[in-house]
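Asker: Chain residues, written in single-letter form:
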Amino acid sequence: MPQFMLISMYSTEGAGDFEITPEMIQAVLEKYAAWNEKMQQSGRLVAVNKLTDTGGKRVNGFGDRQVVTDGPFTETKEVVGGYWIVEAADYDEAVEMSRDCPSLEFGGFLEIREIEDFSKLGA
Amino acid sequence: MHTESEKVVGLVEHLFRRQAGRMVSTLTRIFGPKHLDLAEEVVQDALMKALQCWPYQGTPANPTAWLIQAAKNRALDLLRRETLLQSKADDIIAAFTPNEGSFNRPTGFSPLEALDDQLGMIFMACHPSLPRESRVALTLKTVGGFGVGEIARAFLAKEPTIAQRLVRAKRQIRDEGVLFELPEPTEMSGRLDSVLEVVYLLFNEGYTAHQGDSLVRFDLCEEAVRLGTLLTEHPTTDLPKCHALLSLMLLQAARLPARTSANGDMHVLGEQDRSLWNKRLIHRGLVHLDRCAEGDEPSEYHLQAAIAAVHAIAPSYRETDWKRIVGLYDQLAAMNPSPVVLLNRAVAVAKAFGPEAGLGALEEIGSHPTLAHYYLLPATLGDLFKELGETDKAAGCYRQALDRSCSEPERRFLQGRLKSVS
Numbered sequence: 001m002p003q004f005m006l007i008s009m010y011s012t013e014g015a016g017d018f019e020i021t022p023e024m025i026q027a028v029l030e031k032y033a034a035w036n037e038k039m040q041q042s043g044r045l046v047a048v049n050k051l052t053d054t055g056g057k058r059v060n061g062f063g064d065r066q067v068v069t070d071g072p073f074t075e076t077k078e079v080v081g082g083y084w085i086v087e088a089a090d091y092d093e094a095v096e097m098s099r100d101c102p103s104l105e106f107g108g109f110l111e112i113r114e115i116e117d118f119s120k121l122g123a
Numbered sequence: 001m002h003t004e005s006e007k008v009v010g011l012v013e014h015l016f017r018r019q020a021g022r023m024v025s026t027l028t029r030i031f032g033p034k035h036l037d038l039a040e041e042v043v044q045d046a047l048m049k050a051l052q053c054w055p056y057q058g059t060p061a062n063p064t065a066w067l068i069q070a071a072k073n074r075a076l077d078l079l080r081r082e083t084l085l086q087s088k089a090d091d092i093i094a095a096f097t098p099n100e101g102s103f104n105r106p107t108g109f110s111p112l113e114a115l116d117d118q119l120g121m122i123f124m125a126c127h128p129s130l131p132r133e134s135r136v137a138l139t140l141k142t143v144g145g146f147g148v149g150e151i152a153r154a155f156l157a158k159e160p161t162i163a164q165r166l167v168r169a170k171r172q173i174r175d176e177g178v179l180f181e182l183p184e185p186t187e188m189s190g191r192l193d194s195v196l197e198v199v200y201l202l203f204n205e206g207y208t209a210h211q212g213d214s215l216v217r218f219d220l221c222e223e224a225v226r227l228g229t230l231l232t233e234h235p236t237t238d239l240p241k242c243h244a245l246l247s248l249m250l251l252q253a254a255r256l257p258a259r260t261s262a263n264g265d266m267h268v269l270g271e272q273d274r275s276l277w278n279k280r281l282i283h284r285g286l287v288h289l290d291r292c293a294e295g296d297e298p299s300e301y302h303l304q305a306a307i308a309a310v311h312a313i314a315p316s317y318r319e320t321d322w323k324r325i326v327g328l329y330d331q332l333a334a335m336n337p338s339p340v341v342l343l344n345r346a347v348a349v350a351k352a353f354g355p356e357a358g359l360g361a362l363e364e365i366g367s368h369p370t371l372a373h374y375y376l377l378p379a380t381l382g383d384l385f386k387e388l389g390e391t392d393k394a395a396g397c398y399r400q401a402l403d404r405s406c407s408e409p410e411r412r413f414l415q416g417r418l419k420s421v422s
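Listed in order, the protein sequences are those of chains V and A. Residues 1 to 123, numbered by my numbering, are exactly what the first sequence covers, in order. Residues 1 to 422, numbered by my numbering, are exactly what the second sequence covers, in order.
Derived by calculation from the structure, the hints in this document are not laboratory data. One thing to keep in mind: the hints can contain errors.
[Stated by the list, open to error] Pairs of lysine to aspartate or glutamate, DMTMM-like flavour, derived with a Cα cap of 20 Å:
no., chain 1, residue 1, chain 2, residue 2
1, V, Lys50, V, Glu78
2, A, Lys323, A, Glu356
3, A, Lys279, A, Asp296
4, A, Lys88, A, Glu133
5, A, Lys88, A, Asp77
6, A, Lys419, A, Glu390
7, A, Lys49, V, Glu30
8, A, Lys49, V, Glu105
9, V, Lys31, V, Glu105
10, A, Lys419, A, Asp403
11, A, Lys49, V, Asp53
12, A, Lys279, A, Glu222
13, A, Lys158, V, Glu19
14, V, Lys77, V, Glu30
15, V, Lys31, A, Glu390
16, A, Lys49, V, Glu19
17, V, Lys31, V, Glu19
18, A, Lys351, A, Asp403
19, V, Lys38, V, Glu87
20, A, Lys34, A, Glu222
21, V, Lys50, A, Asp45
I would like the entire structure built from these sequences, with the hints used as guidance.
Answerer: Structure below.
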């Protein structure tokens, strides 16, 4: 079955002064627990990882002009938080699995990309 | 990674809120009252870390331990930035390390330390020099773990108003050098009065069915009962008046399920379905009523709790021991002849001795200025006239009551009454 990466992203712009209370955090996490449970039960979850929010490095250029910069990268408006890799029949199904992801309720978005299956491209 | 079957199904209700309250309290003790903002920052960061990680990591098997560890890490990070506080590192480690610290004492050893910190915070937040509204907001924000928005909704205030109130309160604490400590025995009674006032205010705010977010308001009752319970659990505050207030709150809270119907209609005591009263809370309330009888002088809370108990054990409104209630109100009125107390007494008098006697009692307080805007006075008069068959007078009274301000459920209730005599 094809695999898709659900990349969880959020925008750093308009992070906003709005308050996130302990009670709100708990409510969101309970939704995530339910969503993850659903994913697990479906047997389609292949992998999940979170990327650290601090740090990071960028390597640009090559040779004498190669530059290594330290994160966070303030000029980047969209940040990758983490990803889930799921099995799905096609994009439609991958989208259906993603629709109730809780990050969508809180200003985040999911980019869904199919993982290239090299076996289909020839030996 | 855990499989779902190994994990806790759902989190304990208000886990984050309660844990935030405990951790802010301990950090404020360690950093000092002047650094309350920092304590809140550390705790908020720890909670946000959970928000960032748990969606991917899954809910940890021990969520509380995870949060404590996150707070410890964040606090130690913060100490690198705040040079003045670097000496506190050992205290942080001592408080936040499993099997040694405040949060992880096995119950047989000494559960007092975590309780100590919450109480220390309550006494600080309820310091008598702070305006009462500030004490309420600060208590909810710190030891309660409520957010500014939640507090604003509960009190029908604007968020910036509450935010400003908190800023001023913290500044006052800094400027006046308010300490984080349990009061000396000689001061305890007075300081406790200040705390009990706040706790009861919180309870009442949640209990009286005004407009507003009903979920948050129910949380207020729960929080008030929780704080009241903490007070009775600590040796230095385990005093009769604390048991009295706790008893009162438990006995009233027991009636909540019968007080409001599903569509938000209000049921007065006489119309409540008593089978909906929470028996467990009544039992607890009566236990604490017993405990508070050990003191010398009854406080107002004692008397109010005793009155609530008479209602709680009565099988019906009619079968209530009204004469006993009148006697208790007589004692209460002697201590605090407020118009509201006297009004409630008049209702009891009517029940015990008949509507004419009730009218007489009401006549004595009818012209009191405080009651001029209180809808319950004309409403009670209306009820008595209705009972005497004087429907015109009753209708007039209900109309007068409707002219006075009240909540939507109260308005509907009065309109129902008016209809019944028109």
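Asker: Any hints this thing doesn't respect? Which numbers, in order?
Answerer: 3, 4, 14, 15, 18 and 20
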